[in-house]
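Residues per chain are reported as follows:
There are 2 protein chains.
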Amino acid sequence: MNSLLQVLEMVYNSTNTKFQGDLLMNEVIKLIKAHRSIRKYEDKPIDEKLISEIVEAAQWASTSSFVQAYTIIGVQEKEIKEQLSLLCGEQPYIAQCPLFLVFCADLHRLEKACEVQNTVMVGEYTESFIMSTVDAALAAQNAMLTAESLGLGGVYIGGIRNNPDKVSDLLKLPSYVYPVVGMCLGYPAQNPENKPRLPLQVVYKRDVYQNHEDMERIKEYDEQISTYYQSRTKGKRNDSWTQQMAEKMNKEIRPHMRGFLRSKGFLMK
Amino acid sequence: MNSLLQVLEMVYNSTNTKFQGDLLMNEVIKLIKAHRSIRKYEDKPIDEKLISEIVEAAQWASTSSFVQAYTIIGVQEKEIKEQLSLLCGEQPYIAQCPLFLVFCADLHRLEKACEVQNTVMVGEYTESFIMSTVDAALAAQNAMLTAESLGLGGVYIGGIRNNPDKVSDLLKLPSYVYPVVGMCLGYPAQNPENKPRLPLQVVYKRDVYQNHEDMERIKEYDEQISTYYQSRTKGKRNDSWTQQMAEKMNKEIRPHMRGFLRSKGFLMK
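In order, the protein sequence lines correspond to chains F and U.
The first sequence begins at 1 in my numbering and counts up by one.
The second sequence begins at 1 in my numbering and counts up by one.
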């Protein structure tokens, strides 16, 4: 019996860690590389146990000095999802997904913790804004991967920052709380391709930042992306990465954010 | 042979997804829940193939509108790690780890993309700062989990923001690039415990933000954390979570950040 178990363990280990070509592929890496944004969902609710599992996993992400400076709001109520769908720039999948998570940076709880200890929080510095924003993002990525590992799919919603004041009213966010990013989750009812990323050498630098070869590589990447769109749309679309970026970045985006954040107590100094 | 393969596949599937009590535990969730900050490393380099694997996995994280607005700097050179170790607040493990990653928010590349398309980037708004910061954080969390799945351990270094101007000079960061967070990686030479997180109900809210029961729960959590420290330090330390938070948050932290970021082009509007 012992040796049978050993054999089974060997089999398990050998299937769990596979060499694909030269690359080590374990279950985690496989999952990460299989990520696609899912915007269509089966009409099937997400079990409460799975939701708890996703939130708990989010909580195990690292947090700056143990501050845990984020709150996750799980929206399942139809009417709230529908309103959010409009507020986030008419993204219908927010209304359609069974669970919409809003990852908020949260210094409000820390303000209360200071009160308990008879002191006052200093939260108005840019640093506290960064700290809580990064905390929320790390938790969100753990949530996304956990959801995907449970057979769900999802998409991040930056549009939660389109109308942050109205979103804050709707979700009753107090001062020192702001919605960093949203996330639709549900059982996938589509199977989109994943877009090729920038060449590794463009994104990864050894020891110091150096980018003298980047533009050459980005030119090749532009062609790759152009071909990708052409083959997916039967020639109808062929814009490159730099074209997309130029179109997005040559105008102001969400110019209200600074004013909104300051109204919530963030970024005062 | 076919049926043997089927049996092996069944064995594999049954080991890969286990029910532990009521909870579904797959490899990804197990890994996420096993996260601890590792600050001591074996004297063993990280293979270049693994580094590529970690960076590639980081790149598969979601990115706002495909901007991929981050750069990862992998520091292996002894002298640079030693300088960073001092600049980040005398954290010796930065010098000791075989690989120190610096996750930078990067709009510089998007500025270049705009130039290629004969247009000019509008990058000075707070929104672009959030977008690139979140992009960098999502990539970082994929990198951390991938590293852990490959047997490595690590710790995030917020101290990279202690002296961001000097870090920027050292790493030759151009305008529109700033170091969001650092990450030490290496083969673990310690086995620390993981600190209990806030109660799920404090961090997770249904449909809207509501916190009227939070302080009661945080009081219980304070006792839990206090007991945790007492048992780990044989009674020498017994501070609670609110005590820790009050101590951290009742003074200004990194007040230079705003000025530094504005000098780099961020947060102008």
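Think of the hints as simulated: they come from the structure by calculation, not from any bench.
Just to be clear, a hint being listed does not mean it is correct.
The list treats identical chains as one, so a pair stands whether inside a single copy or across any two.
Said to hold, decoys possible - Okay, derived cross-link-like pairs now, BS3-like style, lysine-lysine, Cα gap no bigger than 30 Å in a straight line:
hint, residue 1, residue 2
1, Lys49, Lys195
2, Lys219, Lys166
3, Lys172, Lys78
4, Lys234, Lys166
5, Lys219, Lys251
6, Lys44, Lys219
7, Lys78, Lys234
8, Lys269, Lys49
9, Lys251, Lys112
10, Lys166, Lys81
11, Lys44, Lys33
12, Lys112, Lys40
13, Lys112, Lys30
14, Lys112, Lys219
15, Lys234, Lys49
Just so we're clear, the structure is a prediction, and the values are computed from it rather than from any experiment.
**Message:** Reference check for the pair Lys172 and Lys78, CA-CA at most 30 Å: within, between, both, or neither?
**Reply:** within (17 Å within a copy, 50 Å between copies)
**Request:** Since the copies are identical, ignore which copy is meant and state whether Lys234 and Lys49 lie within 30 Å (CA to CA) inside a copy, between copies, both or neither.
**Result:** neither (43 Å within a copy, 36 Å between copies)
**Intra- versus inter-subunit Cα pairing at 30 Å for Lys219 with Lys166** = neither (41 Å within a copy, 32 Å between copies)
**Prompt:** Taking 30 Å as the upper bound on the Cα-Cα distance, should Lys112 and Lys219 be classified as within, between, both, or neither?
**Reply:** Between copies, since 12 Å is at most 30 Å while 51 Å is not.
**Message:** When Cα atoms must be at most 30 Å apart, do Lys166 and Lys81 count as within-copy, between-copy, both, or neither?
**Reply:** For Lys166 and Lys81, the Cα distance is within 30 Å only inside one copy (13 Å; across copies 45 Å).
**Alpha-carbon proximity between Lys49 and Lys195, which holds within one copy, between copies, both or neither at 30 Å** = between (32 Å within a copy, 23 Å between copies)
**Message:** With identical chains, the pair Lys112 and Lys40 could be close in the same copy or across copies; at 30 Å between alpha carbons, which is it: within, between, both, or neither?
**Reply:** So Lys112 and Lys40 fail the 30 Å test inside a copy (40 Å) and across (35 Å) alike.
**Asked** Taking 30 Å as the upper bound on the Cα-Cα distance, should Lys44 and Lys33 be classified as within, between, both, or neither?
**Response** both (25 Å within a copy, 27 Å between copies)
**Message:** Within, between, both or neither: how does the pair Lys44, Lys219 come out at a Cα-Cα threshold of 30 Å?
**Reply:** neither (43 Å within a copy, 38 Å between copies)
**Prompt:** Checking Lys234 and Lys166: alpha-carbon separation at most 30 Å within a copy, between copies, both or neither?
**Reply:** neither (40 Å within a copy, 50 Å between copies)
**Homomeric proximity label, Lys78 with Lys234: Cα distance no greater than 30 Å** = Neither, since 37 Å and 51 Å both go past 30 Å.
**Request:** With 30 Å as the alpha-carbon cut-off, assign the pair Lys112 and Lys30 to within, between, both or neither.
**Result:** Intra 41 Å, inter 33 Å, cutoff 30 Å: neither.
Hints 2, 4, 6, 7, 8, 12, 13 and 15, counting from the list given before, are not met by this structure.
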